[in-house]
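Student: For reference, the chains in residue letters:
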Amino acid sequence: MSTARPTTPSDSSQPEGSSAAPTRPRMRGIGRVLVIVYAVMALGATGRSFVQIARAFDQAPLAYTLSAVSAVVYIVATLALIWSGRPGWYRVAWVAIVFELAGVLIVGTLSLTHPALFQHQTVWSQFGLGYVLIPLFLPMAGLWWLVVHRPSGRVPAAAPEEAAA
Amino acid sequence: MILWFTVVQLAVAVSAGLFCLIMGFAGKRPNDWTVGSLALVELLLVVQVVMAIVSPFAGNPALGDPLEYGVYLVSAVLLPIGGVVWALLERSRWSTVILGVVALSLAVMIWRMQVIWTTPVGG
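These protein sequences, in sequence, are chains A and B.
Here the working numbering is used: position 40 in the first sequence is 40, and no number is missing along the way.
Here the working numbering is used: position 42 in the second sequence is 42, and no number is missing along the way.
It should be emphasised that the hints constitute simulated quantities derived from the structure, not laboratory data.
Possibly wrong hints are sitting among the right ones.
[Unchecked claim] To give a feel for the contact side, a few chain B residues facing chain A, derived at Cβ under 7 Å: (1) Asn31; (2) Asp32; (3) Trp33; (4) Leu67; (5) Val71; (6) Ser75; (7) Val77; (8) Trp94; (9) Val97; (10) Val101.
[Claimed, not checked] What follows is a set of in silico ranges between Cβ atoms, one per label pair, in the way DEER data are often shown: (11) Ala102/A / Ala26/B: 49 to 59 Å; (12) Leu143/A / Leu18/B: 22 to 32 Å; (13) Phe50/A / Val115/B: 13 to 23 Å; (14) Val98/A / Val47/B: 38 to 48 Å; (15) Ala102/A / Ser15/B: 31 to 41 Å; (16) Phe137/A / Val47/B: 39 to 49 Å; (17) Leu18/B / Trp144/A: 17 to 27 Å; (18) Pro66/B / Gly88/A: 14 to 24 Å; (19) Trp4/B / Trp144/A: 38 to 48 Å; (20) Pro120/B / Ala102/A: 57 to 67 Å; (21) Val8/B / Leu143/A: 21 to 31 Å; (22) Pro61/A / Gly36/B: 37 to 47 Å; (23) Leu3/B / His114/A: 18 to 28 Å.
Computed from a predicted model, the values in this text were never measured in an experiment.
Positions of the beta carbon are idealized from the N, C-alpha and C atoms, including for glycine.
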């Protein structure tokens, strides 16, 4: 997958009316596609989790708790990716997406080795098979994005944003 | 839901999705056609909302869980709005790809809604 940034004129480094310092990489290009996929997963997971808990939490508290946790993780990951130009949110994105990947792998494995625990479907059951394996590949794409798009520079002692403001 | 209308919605949403994906990967920025295709999907969803409210009174109740159906429908109506706003914050080919992703996601949601409407709870 090419990591070249699109060079359309609209992708100039001007912040679009925001007060973001120019040294922060903006969420742009293919990263925005990543965000929308995360947002759709967050929307779906939240809706499903809400209905499951409202309707039948007693029937499968473990599975439905996992649904709720996955919904929260997707929401946090979506927001953290949008703001991942800032070092703080960048770290949050890492935590959320690693947690998400671990969740898919662990729940996916358990749903196959201990199916009795997961008689009710969750987003991460069978490695996200119910969602065309998107839950499995999405965190991998997210981690790739984070590795390639670190916020410029470490957290500086003298913040360059103050100098640029 | 009414099957033929669902089929129409699915056809429009899938077509819009493929259209936008192709245009996006071909390097086209969002234009009236790509954004318009999402607007058409949204319009059909709004019609679907009206139908979902009226249908039970016309002898066509939801067989599945109305809460689940309602959550899907509300999510589906809101998604194009948020998705188009997000896509148009930046006018690039990826914005068009985003429109395609949204349209295909809506197609999946529409299909799920049809299943929920026609599948008795516990089935």
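Student: None of the hints should be skipped; say for each whether it holds.
Tutor: So, going through the hints one by one against the coordinates:
For the restraint placing Asn31/B at the interface with chain A, the shortest Cβ-Cβ distance is roughly 13 Å, beyond the 7 Å limit, so the hint is violated. At about 17 Å, the closest approach between the beta carbon of Asp32/B and any beta carbon in chain A exceeds 7 Å, and the interface hint on this residue is violated. The criterion of a C-beta within 7 Å of any C-beta in chain A is not met by Trp33/B, whose closest approach is roughly 18 Å, and the hint is violated. Below 7 Å, beta-carbon pairs count as interface contacts, and Leu67/B has one with chain A at about 6 Å; its hint therefore holds.
At about 4 Å, the closest approach between the beta carbon of Val71/B and any beta carbon in chain A falls short of 7 Å, and the interface hint on this residue holds. Residue-level restraint check for Ser75/B holds (minimum Cβ-Cβ distance to chain A is 5 Å; threshold 7 Å). A hinted interface residue such as Val77/B counts as satisfied when its beta carbon comes closer than 7 Å to some beta carbon of chain A; here the least separation is about 11 Å, so the hint is violated. The beta carbon of Trp94/B is positioned within 7 Å of a beta carbon in chain A (closest approach about 5 Å), and the interface hint is therefore held.
For Val97/B, the interface hint holds, the least distance from its beta-carbon to any beta-carbon of chain A being 5 Å, beneath 7 Å. Of the supplied interface hints, the one on Val101/B holds, with its beta-carbon coming within about 5 Å of a beta-carbon of chain A, less than 7 Å. Judged by the Cβ atoms, the range 49 to 59 Å given for Ala102/A and Ala26/B is violated: they are separated by roughly 37 Å. As the Cβ distance of Leu143/A to Leu18/B is approximately 28 Å, the hint placing it in 22 to 32 Å holds.
Our hint of 13 to 23 Å for Phe50/A and Val115/B holds, since their Cβ atoms are close to 18 Å apart. A beta carbon spacing of about 43 Å between Val98/A and Val47/B agrees with the range 38 to 48 Å that was offered as a hint. Separated by about 38 Å at the C-beta atoms, Ala102/A and Ser15/B satisfy the suggested range of 31 to 41 Å. In this structure the hint that Phe137/A and Val47/B lie 39 to 49 Å apart at CB is violated, the actual value being about 34 Å.
Checked against the hint of 17 to 27 Å, the pair Leu18/B and Trp144/A passes, with Cβ atoms roughly 25 Å apart. Separated by about 42 Å at the C-beta atoms, Pro66/B and Gly88/A break the suggested range of 14 to 24 Å. A C-beta distance of roughly 43 Å is found between Trp4/B and Trp144/A, which places it inside the suggested range of 38 to 48 Å. Under the hint 57 to 67 Å, the C-beta atoms of Pro120/B and Ala102/A, about 37 Å apart, miss the expected range.
Separated by about 40 Å at the C-beta atoms, Val8/B and Leu143/A break the suggested range of 21 to 31 Å. Hint check: Pro61/A to Gly36/B, Cβ distance near 46 Å, so the stated range 37 to 47 Å holds. A hinted range of 18 to 28 Å is violated for the C-beta pair Leu3/B and His114/A, which are about 39 Å apart.
Hint violations for this structure: numbers 1, 2, 3, 7, 11, 16, 18, 20, 21 and 23, all remaining hints satisfied.
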